[in-house]
Amino acid sequence: MNQRIIQVAALESEAIYIFREVVAQFEKPVLLFSGGKDSITLVRLAQKAFFPAKIPFPLMHIDTGHNFPETVAFRDKIVKELGVELIVRNVQDNIDNGRVKEESGRYASRNMLQTETLLDAIEEFGFDACIGGARRDEEKARAKERIFSVRDDFGQWDEKNQRPEVFDMLNGRIDLGQNVRVFPISNWTELDVWSYIQKEKIEIPSIYFAHKRKTFIRDGMIWSAADAVVYRDEEETVVERMVRFRTVGDMSCTAAVLSDAVDIKKVVEEIRDSSISERGARIDDKRSEAAMEKRKQQGYF
Amino acid sequence: MNVLKIATAGSVDDGKSTLIGRLLYDTKSLTDDKLAAIEEKSRQRGFDYLDFSLATDGLVAEREQGITIDVAHIYFSTRKKSFIIADTPGHIEYTRNMVTGASTAQASIVLIDARKGVVEQTYRHFFINNLLRIKDVVIAVNKMDLVDFSEEKYNIIKREIEYLASKSEYKNQQLTFIPMSALQGDNVASKSENMSWYAGETLLHHLEKLDTEATEEVTQVRFPVQTVIRPKTDEYHDFRGYAGKIYGGDLEIGDEIIVLPSQTKSTIKSIHFFDEEYEIAKNGSSVAITLVDNVNVSRGDMLVKVAEEPTITKQLDATICWMDKEPLQVLQKYHIKHGVNDAQAKITQLSSILKTDFSGKIENPSELALNQIGVIQIKLSKYLLVDSFNQNKSNGAFILINPKTNNTVGVGFIQ
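Protein chains in written order, with the numbering used here: chain A, 1 to 301; chain B, 1 to 415.
The hints are simulated quantities; they were obtained by calculation from the structure and are not laboratory data. Since the structure is predicted, the reported quantities are computational estimates derived from the model, not experimental observations. Think of the CB as a built atom: it goes at the ideal place given N, C-alpha and C, for glycine as much as any other residue. Keep in mind that the hints are not guaranteed to be accurate.
Claimed, not checked - As a list, the in silico DSBU-like pairs of lysine-lysine whose alpha-carbon atoms are at most 30 Å apart:
# : chain 1 : residue 1 : chain 2 : residue 2
1 : B       : K282      : A       : K265
2 : B       : K80       : B       : K209
3 : B       : K355      : A       : K160
4 : A       : K214      : B       : K34
5 : A       : K54       : B       : K232
6 : B       : K382      : B       : K346
7 : B       : K325      : B       : K346
Stated by the list, open to error - To give a feel for the contact side, a few chain A residues facing chain B, derived at Cβ under 8 Å:
#  : residue
8  : A10
9  : Y17
10 : V23
11 : A24
12 : R136
13 : Q156
14 : V166
15 : I174
16 : L176
17 : V268
18 : I271
Claimed, not checked - Cβ pair distances, simulated, as ranges:
#  : chain 1 : residue 1 : chain 2 : residue 2 : range
19 : B       : Q329      : A       : A73       : 54 to 62 Å
20 : B       : K314      : A       : D96       : 35 to 43 Å
21 : A       : K266      : B       : D33       : 21 to 29 Å
22 : B       : S270      : A       : K80       : 44 to 52 Å
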């Protein structure tokens with residue numbers, strides 16, 4: 001008889017270990033869920049960490065109002081299937097009550113505005129651990145991030161004074177008012193995530209696969225013209241192209257890439273052979289070399 | 001895919017950034033946009049070569065001062081294997097970062113400048129590699145192009161390191177010597193045409209060949225329970241799964257185990273991973289285990305095989321690397337975290353400070369300062385289930401936490 005032997009891949013095993021530490025060390029964890037591939041991967045890992053019990057914490061989505069409709073529909077579907085609680089907080093509310101000011105012009109984005117809404121929600125619910133899908137390979141400021149990353153009352157990241165993380169011991173001790181950002185897939189690369197989605201046959205939103213879309217080109221990048229939230233000058237002409245999205249942030253700051261990868265197998269091949277980095281299509285990172293570090297200091301994901 | 005975690009340490013002068021840049025470049029891991037950004041920044045700063053440290057020094061302060069302050073993690077892969085490099089600064093004031101970066105490494109690269117040979121920093125790398133019991137160590141003799149690819153220079157360095165290794169108490173270490181020029185790419189990813197006298201492999205080939213599994217120690221099995229899974233649903237009404245990660249060996253259905261510290265005996269009934277059941281769980285797997293008997297198990301308890309019990313103790317002798325500005329002093333109290341277990345700890349003795357250049361030790365010091373490594377004795381508020389670090393890495397290490405600041409202030413290795 002064939003013996004059934006389980007050898008969990010190192011990265012998966014590490015992520016599951018981290019999820020279990022979160023639940024053991026914190027009272028009110030929450031998983032920050034954007035509907036993107038990284039947070040979808042987190043959900044699968046959380047399922048694995050606690051099966052046959054349900055995921056023992058809610059998911060929270062900070063909705064900018066500029067999300068791709070496909071992502072929002074997917075979010076609602078996955079939550080229903082899992083039977084977990086979904087908390088949604090809207091950036092629009094803070095714009096309406098005047099707490100934050102919306103950017104305008106051709107590079108306007110609500111990306112920065114998410115931080116305020118996130119910090120409000122953390123305070124409202126008293127979350128002490130926010131689990132996110134950030135990876136160290138995404139960006140060089142993120143490469144310096146800890147797995148358990150302590151934030152103060154203002155959500156600030158003190159990047160020069162981080163706790164050493166040795167072996168796999170995770171120090172989750174915090175003072176009242178502080179919270180910890182937890183990154184279980186810190187050590188995964190973009191290719192690891194895609195390969196995992198392929199291996200696990202995880203469902204993802206359709207915009208990750210190549211499709212026909214009305215687009216226009218600005219600064220060498222391809223923008224969706226299908227939606228009113230993306231600012232477009234009149235002289236920027238709209239052309240239908242075969243594209244897919246490699247990363248899914250706001251429509252206003254996420255560019256598409258030309259692609260004919262219509263299924264997961266082709267996507268994995270495309271990523272493997274790609275010569276452009278994932279965040280190369282994120283205009284929010286291009287504002288300055290230290291853009292990500294600055295946003296993180298202010299409490300960004 | 002297999003992942004190999006590698007630690008490197010060294011200063012900019014040793015060509016560490018160049019080596020990492022070369023590895024990224026030769027494995028095509030550096031994407032066009034990142035490469036273009038490095039080219040532009042290097043030009044702005046007036047360098048006539050590509051400064052790869054711009055790709056890894058992720059903090060503004062690091063780029064301003066031109067130094068690496070914190071451990072950076074660098075990812076690259078070949079068709080055969082994925083690699084994570086923990087890039088750590090090498091100076092004495094960064095010993096704690098070196099220990100942090102190397103703590104999870106399965107292999108290590110020590111860079112030596114062929115012109116300068118073995119220097120004080122080399123000793124420190126060696127000391128920390130030995131302290132952390134890193135099995136596979138590559139001695140990368142770099143800048144061979146600047147010594148006319150001289151076999152003689154290389155052999156002098158090799159002999160010196162071999163002498164150092166012969167004095168070390170850690171005998172399982174595998175040393176691999178590779179002469180290279182990171183700048184020109186000799187023996188990094190492709191074989192050098194300038195050193196026909198070198199019959200060995202390139203660095204990348206050597207790293208690809210390292211067996212990720214074999215670098216994991218196989219000793220006695222330790223299964224520290226992280227949390228107990230109780231679904232309380234109709235389908236899994238009586239399910240009590242002990243969730244944790246397996247260290248040191250495999251576990252199998254039918255294994256007779258002891259629950260510690262209660263010393264209750266039982267047998268493994270089932271092994272679960274997600275919605276599947278398995279008969280054997282391998283070293284390193286995060287699984288959930290159920291037992292035949294209804295025993296009381298909670299977080300911090302440990303399942304071990306019969307006759308393989310660890311030491312159950314309220315007192316520890318340990319080597320400790322201090323990581324905080326506020327020095328360690330005798331009679332101070334800390335929180336101790338050993339694996340997933342927590343307790344209170346009081347320092348009862350500080351017997352010596354070890355010199356990281358192998359030049360001996362300072363007896364009976366009054367305190368242990370930041371970046372120093374010392375030998376201490378600790379009294380614990382409760383029993384912990386420990387092994388010596390030499391026998392079982394995962395169950396032989398701990399961290400100390402300052403209860404006032406909640407910061408991790410030291411990492412200890414149980415003797």
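Each hint, compared with the structure:
1. K282/B x K265/A: Judged against 30 Å, a Cα distance of about 29 Å means the pair holds.
2. K80/B x K209/B: Given that 30 Å is the threshold and the Cα spacing comes to 9 Å, the pair holds.
3. K355/B x K160/A: Answer holds: K355/B to K160/A is near 27 Å, not above 30 Å.
4. K214/A x K34/B: Distance ~28 Å between K214/A and K34/B Cα, so the pair holds.
5. K54/A x K232/B: The given pair, whose Cα atoms are some 10 Å apart, holds under the 30 Å limit.
6. K382/B x K346/B: With a Cα-Cα distance of about 12 Å, the restraint between K382/B and K346/B holds, given a limit of 30 Å.
7. K325/B x K346/B: Holds, because 19 Å separates the two Cα atoms, which is no more than 30 Å.
8. A10: With Cβ-Cβ at 5 Å, under 8 Å, it holds.
9. Y17: Holds, because the Cβ-Cβ distance from Y17/A to chain B comes to roughly 5 Å (cut-off 8 Å).
10. V23: Check passed: Cβ of V23/A comes within 6 Å of chain B, closer than 8 Å.
11. A24: holds (5 Å)
12. R136: holds (5 Å)
13. Q156: violated (15 Å)
14. V166: Hint holds; V166/A Cβ to chain B Cβ min 4 Å, cut 8 Å.
15. I174: holds (6 Å)
16. L176: Constraint on L176/A not satisfied, violated at 11 Å.
17. V268: violated (12 Å)
18. I271: violated (11 Å)
19. Q329/B x A73/A: 54 to 62 Å: The hint (54 to 62 Å, Cβ to Cβ) holds, given that Q329/B and A73/A are roughly 60 Å apart.
20. K314/B x D96/A: 35 to 43 Å: Taking Cβ atoms as reference, K314/B and D96/A lie about 60 Å apart, which means the hint is violated.
21. K266/A x D33/B: 21 to 29 Å: Check passed, 22 Å falls within 21 to 29 Å.
22. S270/B x K80/A: 44 to 52 Å: Check failed, 30 Å falls outside 44 to 52 Å.
Hint violations for this structure: numbers 13, 16, 17, 18, 20, 22, all remaining hints satisfied.
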